[in-house]
Amino acid sequence: MSIVAEKLTHIYLEGSPNESVAIDSIDLKIEAGEFWGIIGHTGSGKSTLVQHLNALMQPTSGRICVDGDDLKDKKNRREARKKVGLVFQYPEYQLFEETVLKDIAYGPMNMGESTEKAYEIAREAMVSVGLSPDEIEGRSPFELSGGQKRRVAIAGIIAIRPRYLVLDEPMAGLDPRGRKDILNLLKTLREKTGCAVIMISHSMDDIAQFADHVAVLNEGKLYKAGSVAEVFSDMEALRRTGLDIPQAAILAERLKKQGIEIDRSIYTVEQMLDFITEKTGGVSG
Amino acid sequence: MKDITLGQYYNVDSIIHALDPRTKLVLTFAYLILVFLVSKLWAFGLVALFAISIIYLSKVPFKMVLKALKPMRFLLVLMFLLNLFAAKSGEVLLKWWIFEITAGGIRQAVFIVIRLLLLVAGTTLMTFTTTPISLTDGLEKLLAPLKKIGFPSHELAMMMTIALRFIPTLLEEADKIMKAQLSRGADLESGNIIKRAKSMIPILVPLFVSAFRRADELAMAMESRCYHGGEGRTKMRVIAFKKRDAIAFLIFASAFALILVLQKLVVF
Chain A
26 MSIVAEKLTH IYLEGSPNES VAIDSIDLKI EAGEFWGIIG HTGSGKSTLV QHLNALMQPT
86 SGRICVDGDD LKDKKNRREA RKKVGLVFQY PEYQLFEETV LKDIAYGPMN MGESTEKAYE
146 IAREAMVSVG LSPDEIEGRS PFELSGGQKR RVAIAGIIAI RPRYLVLDEP MAGLDPRGRK
206 DILNLLKTLR EKTGCAVIMI SHSMDDIAQF ADHVAVLNEG KLYKAGSVAE VFSDMEALRR
266 TGLDIPQAAI LAERLKKQGI EIDRSIYTVE QMLDFITEKT GGVSG
Chain B
25 MKDITLGQYY NVDSIIHALD PRTKLVLTFA YLILVFLVSK LWAFGLVALF AISIIYLSKV
85 PFKMVLKALK PMRFLLVLMF LLNLFAAKSG EVLLKWWIFE ITAGGIRQAV FIVIRLLLLV
145 AGTTLMTFTT TPISLTDGLE KLLAPLKKIG FPSHELAMMM TIALRFIPTL LEEADKIMKA
205 QLSRGADLES GNIIKRAKSM IPILVPLFVS AFRRADELAM AMESRCYHGG EGRTKMRVIA
265 FKKRDAIAFL IFASAFALIL VLQKLVVF
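Protein chains in written order, with this note's numbering: chain A, 26 to 310; chain B, 25 to 292.
What the hints contain is simulated information worked out from the structure, not anything from laboratory work.
Since we're looking at a predicted model, the values are computed, not measured.
The calculated lysine-lysine pairs, modelled on BS3-like cross-linking and capped at a C-alpha distance of 27 Å, are:
1) A:Lys99 x B:Lys222
2) A:Lys205 x A:Lys217
3) A:Lys99 x B:Lys203
4) B:Lys203 x B:Lys222
5) A:Lys99 x B:Lys219
6) B:Lys200 x A:Lys127
7) B:Lys200 x A:Lys246
Produce the entire structure from the sequences given, and follow the hints as far as they go.
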């Protein structure tokens with residue numbers, strides 16, 4: 026059970042003078058249940074990569090398999106869209122139905138569920154994104170607040186019950202509270218359903234804290250991929266691509282320079298907190 | 025979507041490109057009138073010859089113009105058939121059930137096809153050689169005298185500019201929304217026509233919502249930069265009537281006059 030990309034390459038407008046290589050021979054294996062963070066600068070190919078995962082885009086060369094099925098085969102594409110749920114950037118702009126309930130049920134109904142069953146799934150999805158069905162299901166999605174709309178849109182994908190949930194910058198444009206809510210709901214959802222989460226994000230801190238694997242894209246190439254500990258063990262390499270480094274890692278680096286010995290890799294606030302409490306014997310101040 | 029060449033700009037340097045947009049607008053308009061005044065087959069040949077020499081001067085490849093004509097082929101066939109059977113005048117050549125083909129019908133059918141081809145070729149050439157911005161600038165200047173009777177010429181030109189500017193943006197947006205709904209299992213390809221039309225709702229509703237949102241935002245942005253219509257507004261690129269425009273007018277006027285006079289004088 027995994028998504029496997031082999032030498033995945035996509036070239037826009039191939040053969041024309043405006044041809045550009047969006048992603049270049051990417052090899053990646055995402056196992057069921059993992060939490061991947063995908064980072065990279067604007068234009069590094071992150072969005073192009075994730076659109077290959079549910080066959081919205083076809084590779085120019087190379088291949089992509091979901092649970093062993095090659096997406097080159099058209100018959101596998103529909104199944105792939107059911108297995109791999111893709112939440113686009115600013116997903117609230119795709120809401121269209123009269124009521125929140127109908128909008129969330131759109132996905133499951135397309136996937137062949139009966140209306141009754143789809144509504145039931147939709148209500149469950151509402152709960153899992155922290156919305157109360159009684160309060161919200163009958164309202165128009167257009168009269169909700171920005172954060173609520175975002176959650177309804179994410180619920181619309183969760184309702185498909187994907188095995189792999191892919192999100193393209195799900196926190197873009199939200200306030201810190203909204204960001205945290207979304208991250209926590211992804212974490213809970215993964216614990217509850219066991220689905221894999223693949224999240225594009227610009228925030229190293231969020232990825233360090235929530236993901237267990239990281240893929241770093243740079244100019245269309247897979248710059249680094251592996252467990253969070255592996256990738257963050259080489260901060261210099263990350264810095265060379267011009268990406269941000271987790272705040273806690275910067276602090277750890279400075280402490281080292283001050284002559285404080287650190288016997289482990291630290292890249293999340295929790296790890297730093299543990300380290301400091303250990304060093305100071307739990308006495309604060 | 026990529027095949028839409030109508031209304032596209034072809035970027036080369038030529039005498040035609042350098043003309044004042046007003047000149048091109050007026051001359052294109054005159055050309056349109058000419059195409060309707062001509063009513064003899066050989067006269068159409070002269071008009072076509074004239075159009076071809078202008079295309080040659082514009083350095084736009086003939087292939088591009090032909091490509092612009094290509095989407096019209098169904099319309100042309102339809103117009104040809106309609107005129108062939110509907111217009112009844114002169115000698116009856118063929119009769120079958122309720123269908124009748126007359127000499128006048130053939131004549132009119134051929135003429136309508138030639139006219140349409142010449143019309144589209146001419147207007148396409150104008151958009152090929154004029155950027156949308158200078159086209160709307162030219163239109164604004166041309167319509168400026170009408171301001172006296174309260175015609176909003178600047179506002180009209182601004183609306184056209186904005187509309188043109190947002191075509192690629194909305195296409196991109198439509199593509200994104202389509203992909204988002206495909207991710208939710210939307211099926212846009214199968215089913216009968218009603219089912220397919222219905223499957224467009226999840227794409228059209230968000231597209232309209234987003235178009236209105238963008239319009240709102242743009243209006244706000246324009247207002248915060250103190251936009252208040254055309255009153256007292258100056259242009260960065262001032263369009264000016266030059267000698268070459270006068271020459272163009274002369275050439276067009278004499279060519280058109282020649283064609284019309286010949287048509288009147290020659291009997292066949």
